[in-house]
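A.B. asks: Residues per chain, in single letters:
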Amino acid sequence: MDPTLSRRDAMAALVAGGIGIGGPALALSERTSEGLNDRNAQSVALSEDDRATLVALTDVLYPSAVTAGDSFVQTYVGNLPEERQAAISESIDDLDDAARRYTGSEFATLSVGERDAVLRRMGVDTANSDPSGTPPQRILYHLVNSLLYALYTSPTGSRVAGIENPIGHPGGYESQINARPEER
Amino acid sequence: MDASNWRQTTLVAAAVAGLFVAVATLSGGLIVLPVGPPLDPALGLVLPLSLALGPAGVVGATAGVVLTAALRSALALLTVVDAGSVAALGYLAYRLWGVLPAVATGRSPRLDSLGQVIEFLAVALLAVVTAVSALAWGQLLVQGQLFHSAALAAFPTVTVSTLLVGPPVLLAARGVPDSLWQPYEDRTPVERGTGGFRGAVLVPVCWLVVGTLLSVAATLVQSIGGTTLAQHGYGFVFVPFDPALVGAGARRVQVVFGAVMLSLILATWLELNRNTQPGRCASTS
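Going line by line, the protein sequences match chains A and B. The C-terminal position of the first sequence is numbered 190 in the working numbering, with every residue numbered one higher than the one before it. The C-terminal position of the second sequence is numbered 291 in the working numbering, with every residue numbered one higher than the one before it.
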């Protein structure tokens with residue numbers, strides 16, 4: 007199994023989030039990413055630096071068994087509604103401001119341990135998620151929770167976590183048992 | 007203060023500011039330790055240099071915070087909050103030395119005995135509690151950040167940095183000429199049982215503990231929601247934490263409570279001649 011999160015994973019996560027509508031989106035997630043490139047090129051809300059910050063954030067948030075590259079982040083975030091993209095961009099600015107405040111460097115240039123330290127120093131780990139709250143609350147909502155949602159609703163990510171269902175199959179009792187490690 | 011003293015104080019403050027900026031820049035701000043919270047070496051300098059050098063050290067460290075933020079292109083309203091909390095950390099440590107009755111050694115902070123180490127730990131903890139409370143309150147004012155979130159985020163790093171960096175720096179400071187050390191006798195210690203002792207010990211601890219518990223309780227109750235609590239017969243619990251009344255996370259209450267606590271602390275420490283112990287010289291230098 008290739009643990010690298012792909013555009014297909016990102017699209018599946020988007021579908022699970024209700025961004026796509028039913029069957030057409032599911033079908034889209036099964037396709038190659040040719041059709042997505044055009045739309046990605048039109049996404050101007052997030053700069054290359056913004057995406058680099060998101061990829062750097064996935065290094066902290068995701069299990070080490072999973073690698074999320076630029077294409078995964080671009081596909082997932084680039085296909086969110088524009089308001090969400092704008093909010094994500096603002097939260098990235100907040101995160102970079104905090105990284106400069108505590109370390110003097112941009113978030114993406116820090117080591118994984120330093121990124122984790124900056125998040126904790128900001129209080130992101132003790133904040134409650136709020137899309138319009140304080141910077142730590144917005145970062146938790148728009149960045150941390152969004153990226154974790156993308157991971158666990160993607161086929162590869164959910165497989166790593168052991169909570170996957172076959173696409174088109176709702177799961178059922180067996181899949182719920184699989185989600186409880188102590189009964190494996 | 008005559009001209010030569012003023013010049014010396016200015017030079018010491020400038021040297022401390024330069025040292026703070028250099029350490030903050032060279033260390034990269036935060037150093038990740040194998041276990042526990044990250045270490046902020048520059049922040050760890052504040053308390054020992056203030057203990058050794060007095061107000062000049064405090065001013066230097068505070069200026070160092072502002073200069074570091076400027077060099078990092080991170081100047082903001084939060085810089086004022088950071089600088090204020092660093093000033094509180096340094097100045098309270100300086101003033102607390104010799105105040106705490108159970109642990110006071112009655113000598114300058116040289117860390118040359120177990121008693122001095124214990125006094126250092128007690129003074130550091132109280133100064134950190136005050137500084138973190140002020141920092142969390144400042145972030146509440148500037149950013150609207152929940153008090154417990156800001157306090158719990160700052161407390162581990164400030165404590166670890168102070169306790170790990172402080173002792174070695176104080177030991178190294180023994181090499182500083184005696185003329186630069188702030189004489190212990192000039193610290194106008196306060197006596198237990200006076201308003202000063204309450205302002206130095208009880209108020210900061212109360213601020214941090216009550217503020218954190220209030221913030222956690224309000225956040226928890228507001229997360230559950232009034233409707234859910236009412237359905238289970240606990241609607242009365244929600245009333246004092248209603249966001250329309252106290253704000254999200256009881257922010258409005260925290261603002262007033264923090265203002266009262268800060269006023270009590272300032273009232274304690276703005277009194278420069280609270281020398282209740284005979285044989286000591288009270289100086290405002």
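Honestly, the hints are just simulated from the structure, not real lab data. Predicted model only: the values in this text are computed from it and were never measured. Each hint should be verified, as a subset may be incorrect.
[As the list claims (entries may be wrong)] Derived Cβ-Cβ restraints for the label pairs, each shown as a range:
| hint | chain 1 | residue 1 | chain 2 | residue 2 | range |
| --- | --- | --- | --- | --- | --- |
| 1 | A | 169 | B | 83 | 15 to 25 angstroms |
| 2 | A | 95 | B | 112 | 50 to 60 angstroms |
| 3 | A | 71 | B | 150 | 33 to 43 angstroms |
| 4 | B | 215 | A | 89 | 53 to 63 angstroms |
| 5 | A | 158 | B | 266 | 42 to 52 angstroms |
| 6 | B | 118 | A | 71 | 44 to 54 angstroms |
| 7 | B | 107 | A | 95 | 31 to 41 angstroms |
| 8 | A | 95 | B | 37 | 23 to 33 angstroms |
Backbone N, C-alpha and C fix where the C-beta goes; we use that ideal spot for every residue, glycine too.
A.B. asks: It remains to establish, for every hint, whether it holds in the given structure.
C.D. replies: Hint by hint, here is what the structure shows:
At about 43 angstroms, the beta-carbon gap between residue 169 of chain A and residue 83 of chain B misses the expected band of 15 to 25 angstroms. Taking the beta carbon of each, residue 95 of chain A and residue 112 of chain B are about 58 angstroms apart, inside 50 to 60 angstroms as hinted. Checked against the given bound of 33 to 43 angstroms, the beta carbons of residue 71 of chain A and residue 150 of chain B, roughly 38 angstroms apart, stay inside it. For the hinted restraint 53 to 63 angstroms between residue 215 of chain B and residue 89 of chain A, the CB-CB distance of approximately 40 angstroms leaves it violated.
As the Cβ distance of residue 158 of chain A to residue 266 of chain B is approximately 45 angstroms, the hint placing it in 42 to 52 angstroms holds. Distance hint check: the CB atoms of residue 118 of chain B and residue 71 of chain A are about 53 angstroms apart, consistent with the given range 44 to 54 angstroms. With their beta carbons about 55 angstroms apart, residue 107 of chain B and residue 95 of chain A fall outside the hinted range of 31 to 41 angstroms. For the hinted restraint 23 to 33 angstroms between residue 95 of chain A and residue 37 of chain B, the CB-CB distance of approximately 30 angstroms keeps it satisfied.
The structure fails to meet hints 1, 4, 7 from the earlier list, while all remaining hints are met.
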